[in-house]
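**Q** Sequence:
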Amino acid sequence: MTWKRVLLIYPYGPDKKSEQLYGGLAIINPIGLEVIATALKPVVEDLMLVDMRLEREPLDALLRRFRPDLIGVSLNWGRDEYTDRLVHSLPRDVTLVIGGLHPTRDSEEILREFPEMDILAVGYGEESLRELLERGSPEGVAGLWFRRQAGAYPPGAPRRGLPETGGALLQNPRRLTLDVSHFHLDRSVRRYEYPWLTLKGDNLITSVGCPMVCAFCKWRENIFGEVQPWIARPPEDVVAELAETDADIVHIVDANFAHDPRRVERICDLLIERDIRHLYACEIRVNALWKDPALVKKMEQAGFFMFMVGIESYQPRLLKAMRKGYTVKMCREAFQNLRQTKILTLGNFLIGNPGETEEEMLGVADYAADLGLDFISPNKIYAYANTDFEQWVLSQPGMRVVGRRRYVVSDQFDVDDLRRIQARIMLGFFRRHPPWMAYQKALAHPMVRKLGRERIRRAMLRSLWNHLADPIFRKRALGKLAKRFRRPAQHATG
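In this note's numbering, the protein residues as written are 533 to 1026.
These are calculated hints, taken from the structure and not from any lab test.
A hint or two may mislead.
Simulated pairs of lysine to aspartate or glutamate, DMTMM-like, Cα-Cα distance not exceeding 25 Å [claimed, not checked]: (1) K573 <-> E589; (2) K573 <-> D592; (3) K548 <-> E815; (4) K973 <-> E832; (5) K973 <-> D898; (6) K912 <-> D902; (7) K874 <-> E832; (8) K861 <-> D906; (9) K912 <-> D946; (10) K548 <-> D616; (11) K861 <-> D902; (12) K852 <-> D807; (13) K732 <-> E589; (14) K829 <-> D807; (15) K829 <-> E805; (16) K823 <-> E891.
Ranges between beta-carbon positions, derived for each pair [claimed, not checked]: (17) R989 <-> G672: 54 to 62 Å; (18) E768 <-> L993: 54 to 62 Å; (19) S720 <-> P966: 38 to 46 Å; (20) R723 <-> E768: 23 to 31 Å; (21) R989 <-> S720: 28 to 36 Å.
For glycine and all other residues, C-beta sits at the position ideal for the given N, C-alpha and C.
Start from the sequences, fold in the hints, and give me the full structure.
**A** This is the structure in structure tokens:
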């Protein structure tokens, strides 16, 4: 065996804003890296997965203790100073593999910035890396690019299965297949607990892809930026994995969990039949909630506790432009079905659309309260580069796209104006639907009663306290409030 001791690193730091909610309210486990660890564990002598957001042992001490002969780094969400410093600090006598979404889509950048990298994993890495370990060489392994300079390793260091390439990059063909059975995680590879609301949390994938065609969204794309057909794991496999986790709250991270209602119904039937007790959260579409009131009720019985719903707008012309695939009437009927349950709901909205007035944006608050939503998230709309949606936005008078996040702004509303409107929407909504109403609803959920109402109540209150007590949260919250309530700028009209 060429490589026997494998160290996998999730390299993002504990202070990275996008990686966790304030006060440790929720931290999502690095599912993609855990999928790879699950695939590699049977073919190595020892394996360790390190999450730098939660690791307390200094990395150099951990490296000395574990003594890996191959290190894999997942740069799924891009680079920053912390990740670059970490990669450059890794020992040069160990084979270094870098992979993930960002290296797949921006391979030239990764090759340029990390000359010490031996192997670039392009695409989904679990099968490619397992084949690498089984063969003992990257030659002929689909999905792997590799290079090795003469004298790249210190004198006496082993070649570790890397053929001499004279520094030239050798590219094997892409690996285009995706086997969703790999998503069933072996949780023994996990060294940390991932909190949700100060309870033990977990996250899993039951399907990939999304057959919907929302104009602004890229969730239907695969790692290569191509359209990903919707592929689902069998209900029996999903429920078997849910039976293995001891988490209180399980977040299903699928882009479109309920695309197949019969599959969802089978999952619920098995959960109820086996009396598997968790609280589940998932993204779900209006269409699924509208079609079948009985299924919504069964999901509540099985433990579904929170739905995150992409509502986006209450204006028919904007729903049509966004290609949402439902009507305002369908949305109202969907939430009528939800009113028969104690499932919490978070509604996502997009503001700043072409032609949208401030009054129409502020109307989100009343529409959300009328639907019976428990929480809302009014977001500034964005337009990905080189998309039909971007072209439509730019074809509208006075519209443009700005900044790294590609927010849509206009001659009338800039980013600061939209932030101010966001704050007014939130205040308007909570005047009609204060947070304690959601708290009372959550404690009445049938699965909360099974898990222990008092224990969940304490966890929710601890979460609120942690959130408010976190100094980073307070600093950022005050900064956001200052931005959102400052006097709006006067825009030139001529």
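**Q** Compare the structure with each hint and give your call.
**A** Comparing the hints with the structure gives:
| no. | hint | in the structure |
| --- | --- | --- |
| 1 | K573 <-> E589 | holds, 22 Å |
| 2 | K573 <-> D592 | holds, 23 Å |
| 3 | K548 <-> E815 | holds, 24 Å |
| 4 | K973 <-> E832 | holds, 13 Å |
| 5 | K973 <-> D898 | holds, 20 Å |
| 6 | K912 <-> D902 | holds, 22 Å |
| 7 | K874 <-> E832 | holds, 7 Å |
| 8 | K861 <-> D906 | holds, 20 Å |
| 9 | K912 <-> D946 | holds, 10 Å |
| 10 | K548 <-> D616 | holds, 14 Å |
| 11 | K861 <-> D902 | holds, 13 Å |
| 12 | K852 <-> D807 | violated, 42 Å |
| 13 | K732 <-> E589 | holds, 22 Å |
| 14 | K829 <-> D807 | holds, 16 Å |
| 15 | K829 <-> E805 | holds, 16 Å |
| 16 | K823 <-> E891 | violated, 31 Å |
| 17 | R989 <-> G672: 54 to 62 Å | holds, 58 Å |
| 18 | E768 <-> L993: 54 to 62 Å | violated, 38 Å |
| 19 | S720 <-> P966: 38 to 46 Å | holds, 44 Å |
| 20 | R723 <-> E768: 23 to 31 Å | holds, 29 Å |
| 21 | R989 <-> S720: 28 to 36 Å | holds, 32 Å |
In the structure shown, a violation is registered for the earlier hints numbered 12, 16 and 18, in ascending order.
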